[in-house]
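Participant: One-letter residues, chain by chain:
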Amino acid sequence: MADIAVLLKQVPDTNAKIVLNDGRVDESVIKKWSMSPYDEYALEAALSLGGSITAITCGPDRSKKMLTDAAAVGASELLHISVDDLSTLDSIRLSNILAAAVKKTGASVVFCGKQAADTNAGSTGPNVANLLGSSCVTMVSELSGDSSEFVALRPSPDGMEKVSISSPCVISFDKTSNELRRPNVKGIMMAKKKAIESISPDDLGVSTAMELHMATHHFCGLNAPEEKSAGQMFEGAECVSDVVSKLRSEAKVI
Amino acid sequence: MSTIIAETTGSNLHPVTAQLVSASNGDVIICPGGVGASDAANIAGVSKVITVEGDCFSSFDGAAWAAAMSGLTSDGRVILAATPRGRELAAHIAASRNIPVIQDVTGGSPSLIMHRPVYSGKAIEHVKCEGDCVVTIRPNSWPAAADGGNAEQSTVNQSADVTVAVKEAIAKASERLDVSDADIIISGGRGMGSIDNWNELEKIADQLGAAVGASRAVVDEWGLSHSIQVGQTGKVVNPSLYIAVGISGAIQHLAGMRSSKYIVAINKDADAPIFSVADYGIVATWEDALPALAEALSNL
Ligand SMILES: Cc1cc2nc3c(=O)[nH]c(=O)nc-3n(C[C@H](O)[C@H](O)[C@H](O)COP(=O)(O)OP(=O)(O)OC[C@H]3O[C@@H](n4cnc5c(N)ncnc54)[C@H](O)[C@@H]3O)c2cc1C
Ligand SMILES: Nc1ncnc2c1ncn2[C@@H]1O[C@H](COP(=O)(O)O)[C@@H](O)[C@H]1O
Chain A
1 MADIAVLLKQ VPDTNAKIVL NDGRVDESVI KKWSMSPYDE YALEAALSLG GSITAITCGP
61 DRSKKMLTDA AAVGASELLH ISVDDLSTLD SIRLSNILAA AVKKTGASVV FCGKQAADTN
121 AGSTGPNVAN LLGSSCVTMV SELSGDSSEF VALRPSPDGM EKVSISSPCV ISFDKTSNEL
181 RRPNVKGIMM AKKKAIESIS PDDLGVSTAM ELHMATHHFC GLNAPEEKSA GQMFEGAECV
241 SDVVSKLRSE AKVI
Chain B
1 MSTIIAETTG SNLHPVTAQL VSASNGDVII CPGGVGASDA ANIAGVSKVI TVEGDCFSSF
61 DGAAWAAAMS GLTSDGRVIL AATPRGRELA AHIAASRNIP VIQDVTGGSP SLIMHRPVYS
121 GKAIEHVKCE GDCVVTIRPN SWPAAADGGN AEQSTVNQSA DVTVAVKEAI AKASERLDVS
181 DADIIISGGR GMGSIDNWNE LEKIADQLGA AVGASRAVVD EWGLSHSIQV GQTGKVVNPS
241 LYIAVGISGA IQHLAGMRSS KYIVAINKDA DAPIFSVADY GIVATWEDAL PALAEALSNL
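Protein chains in written order, with my numbering: chain A, 1 to 254; chain B, 1 to 300.
This is chain B alone, in the form it adopts within the complex (with noise of 0.2 angstroms):
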């Protein structure tokens, strides 16, 4: 038996929630405070949805939700997206339970061998449980289970202390979509030589409605965002299309990327190592590269 955890975005039901659905075959799904309970009994094959109405919901205290959600939680597995919410919750739920936690599982089966990356990708770790244990799935490792489901909804009233106070919210630094939400990201690095240039990226992002990312050397040169950092240190991204651009492909930022669907790598030199992850390498400098980039696309 897998109970699920919504992920949500905001007011939103996140989609990863139905990539949940279909990795694991539960069919019951917790909706911590209600976020986003209509659209998660809309998915297929799900047949209860609970939402967990309580104060301690109004923002986020890991050890609170899961005290307020144990009465939901306490046997069977439970399955939640390997965010850094998912990962905190589903922690401290295994701790309250005394059972193991396998978190960022991308492959083989929930209930099976799991497989999840370890050494930054550079290894591949088979675990199995007998028993029951927490697991987070890392978002788009598993297509979405379809809509048109119709299931039971109901509400339980719980709380619980919370000991972390928000006291200030800080809005995201841009309005652009944040590279772990993204299923295009386009990322720039040193090569893309100034942040002068960046905003030829940004162009493209706005045609394929991507994300930006970056690699670290940009990021502490040119003093951009550490959360649009993908790699060891930044963001591990799981897109359908990663598009790298003057990037060399060190082992640090493969470790963020590798995992990407289809990779195109656009740079100069033809022995960068990063053609060695690319399904489409393409050897040409930015400044040439980018401009037929956008032409290509607004003919498609």
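In isolation and in its complexed conformation, chain A is listed as follows (with noise of 0.2 angstroms):
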């Protein structure tokens, strides 16, 4: 089996409630940070299919950890490249620093998650596909064979299609039907002791990247959520007929 790179990304759990402070979100009160949800299938499906697998991360310290969660699943090389606020990277400059990080790991098969639970962009695995030159398939919920020819399935207009693809390649994952592996005890324990490689983005000879952040876009804070105004509450099956009406005349939708 090829040498598969997968990355993970470290979010706030998606149970946590984000505070926003000065137009950033407020870290302090994040209690739990996670392993973006869908990057955890990328995980999972590395690991079904065997072989070494390196687990990268660009982000600040804290990410470490979540490379020790993946390594007491069974990821066997872990790569953090130390970026203090990802903020201050568009997703060309970050898709830059995580292509140069695979070519490093050598690995010709990359996954990762269909869309991270903080950018919600599902900008990386097509990016960093391009950027290696391998082909690309994103938003994939089942995944057999291998990289001499994996089948894909993915969403199409018409419903759903099967593909096939083999490395090089990059495939983004949707949910799948995978259950997710758990750590056990021994697990827990190597892992704490699994040496992590932790590099700056100038160490891949990515520094430029660095130099042009914000160049061209600019990151210019956050905003809550418009909140709407208060609803009309109705009582009883009785105010369906009422509702019904004003769907027509007031919002106009029927």
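It is worth saying that the hints were derived from the structure and are not from the lab.
Check each hint, because a few of them may be wrong.
[Said to hold, decoys possible] Subject to a maximum C-alpha distance of 16 angstroms in a straight line, what follows is the list of computed EDC-like cross-link-like pairs (lysine to aspartate or glutamate):
hint : chain 1 : residue 1 : chain 2 : residue 2
1    : A       : 64        : A       : 77
2    : A       : 175       : B       : 220
3    : B       : 268       : A       : 238
4    : A       : 31        : A       : 13
5    : A       : 104       : A       : 203
6    : B       : 172       : A       : 158
7    : B       : 261       : A       : 226
8    : B       : 167       : A       : 149
9    : B       : 167       : A       : 142
Take the two lone chains and join them into the complex the hints point to.
Facilitator: What follows is the structure, given as structure tokens:
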């Protein structure tokens, strides 16, 4: 089996409340950081294929903990690219860093999530594929075969389709039907001892990516979503016909 | 300068394409494989429609499509729809030009500051791009540009190597409208009691011409297709009207539907969190409310 690199991002747990302070997420109130949910399916897909798996993350120091979690379920190598504030990187700078990190590992197959739970973007997989000159499929919910020919299930405008793709390739994962494996005690103990290679974008030769940061893409801050004005409440099924007439006359949606 | 890439469904132009025109003021539309070109030329304000013909357009390979269109997308901004294909294609185009991609813009202005939901809609990010970038726009965020245009049409022949081969197409599980495309959605949750009651929702959907959606709880427990799941791990939808029946309104469900223009919630528990996002909240059981809804709709 070819070596696989898995791109993992640490995000606030999806149950965490997001509190904004001066246009930024107040990290001090986030109690739990987790692996982004779709990345868990990417990691699981890699683990079920077997072979050498390098878990890669780019982010602040706290994200190393997630690499240790990946080791506890079976990732063999851990690579951390240290960037204190990811909001200083736009999609293309980040992808240049991650593509260089994949090159360093020598892996010809890259797995990642269909979108990260914080950015909700879905840019990184195809970006990295393009920078590496690899084939790419996104939003895969079922994968079989091996790197000589993977068969992947992905959405199509008419439903779903099965496509074949071979290495070098980048595959981004949706939720799959695979049960996520949980670490056992032995795995947790071994993972604690596992070395994490921590390097900077400079070490990857992509320092220009950092110098160029924000050159074209400015992060202007975060806002709370617009609060809707309180809706109208109705008691009992007798009111359904009133609501239906309001949908026609007030909202004009039916 | 903005260039728009047409969004298509099968052999037709997707209506979101006219929304991309009004969002971006772009007046050039590229039609991959020529699908929908004459409809695109009919959108008001469009001056040029360019068909790119090539073997690679017979199936979807984002890298190949981006390469085949590169002669037409090599400068200025490129605007696409934030659909699965649109997002992937946008990222390929951006990477091949080494420029940023801003996905899923729902407000602001694609030429000034763009707004996009992050953290599953728990916050809105504001970004500005001074140089060129590729932008995808969430369907139903801008009104559609009107018909009545008469753009000049031309064709270029350009293909690229395809490395993703389609082996098997699997039709949608049901003939029903997809929640991503629907203007009205009626979704059910665990409060529907059991899968045996699901046809009560479908009847209302038929009356309204609506798509049927579901919470994760019932997709998992009743074995419904994941393609109808609305929420953080399902689909993000943006219809004019979203009707939630027997859904509690967990944060992960709200993540998928809170940007709907109008929300109606039917729930027997007056304290259910779904009511906090509802424009019209009805405290009732579905057993009472759905027959009343069916009757009121048939009296319209
Ligand atoms: C990482 C993660 C991702 C998730 N992703 C999603 C997602 O994408 N989409 C999603 O939906 N969920 C998602 N969830 C699950 C979510 O947290 C909730 O568990 C789920 O949405 C609950 O579904 P429900 O509202 O149908 O069920 P419940 O929470 O059980 O609510 C049932 C509701 O029905 C009402 N009810 C009961 N009987 C009746 C009746 N006769 N008439 C009317 N009302 C009645 C009750 O008052 C209650 O409010 C996710 C969870 C996690 C942890
Ligand atoms: N900083 C990061 N470090 C490692 N992987 C990342 C990072 N950001 C994004 N990814 C990967 O790319 C996927 C898509 O992210 P995005 O393009 O931000 O939606 C994520 O699910 C991860 O697998």
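Participant: Does each hint fit the structure? Answer for all of them.
Facilitator: Verification of the supplied hints:
Only pairs whose Cα atoms come within 16 angstroms are accepted, and residue 64/A paired with residue 77/A is accepted, the gap being roughly 12 angstroms. The straight-line distance between the Cα atoms of residue 175/A and residue 220/B is roughly 12 angstroms, inside the 16 angstroms bound, and the hint therefore holds. A hinted pair counts as satisfied when its Cα atoms are at most 16 angstroms apart, and residue 268/B with residue 238/A qualifies at roughly 14 angstroms. Distance hint between residue 31/A and residue 13/A is fulfilled; the C-alpha atoms sit about 8 angstroms from each other, no more than 16 angstroms.
Distance hint between residue 104/A and residue 203/A is fulfilled; the C-alpha atoms sit about 10 angstroms from each other, no more than 16 angstroms. At most 16 angstroms may separate the alpha-carbon atoms for a hinted pair to count; residue 172/B and residue 158/A meet this at roughly 6 angstroms. Of the pairs offered as hints, the one joining residue 261/B and residue 226/A holds, with about 13 angstroms between alpha carbons and a cut-off of 16 angstroms not exceeded. With a C-alpha separation of about 12 angstroms, the suggested pairing of residue 167/B with residue 149/A holds against the 16 angstroms cut-off.
Between the alpha carbons of residue 167/B and residue 142/A the distance comes to roughly 14 angstroms, so the proposed pair stays at or under 16 angstroms and holds.
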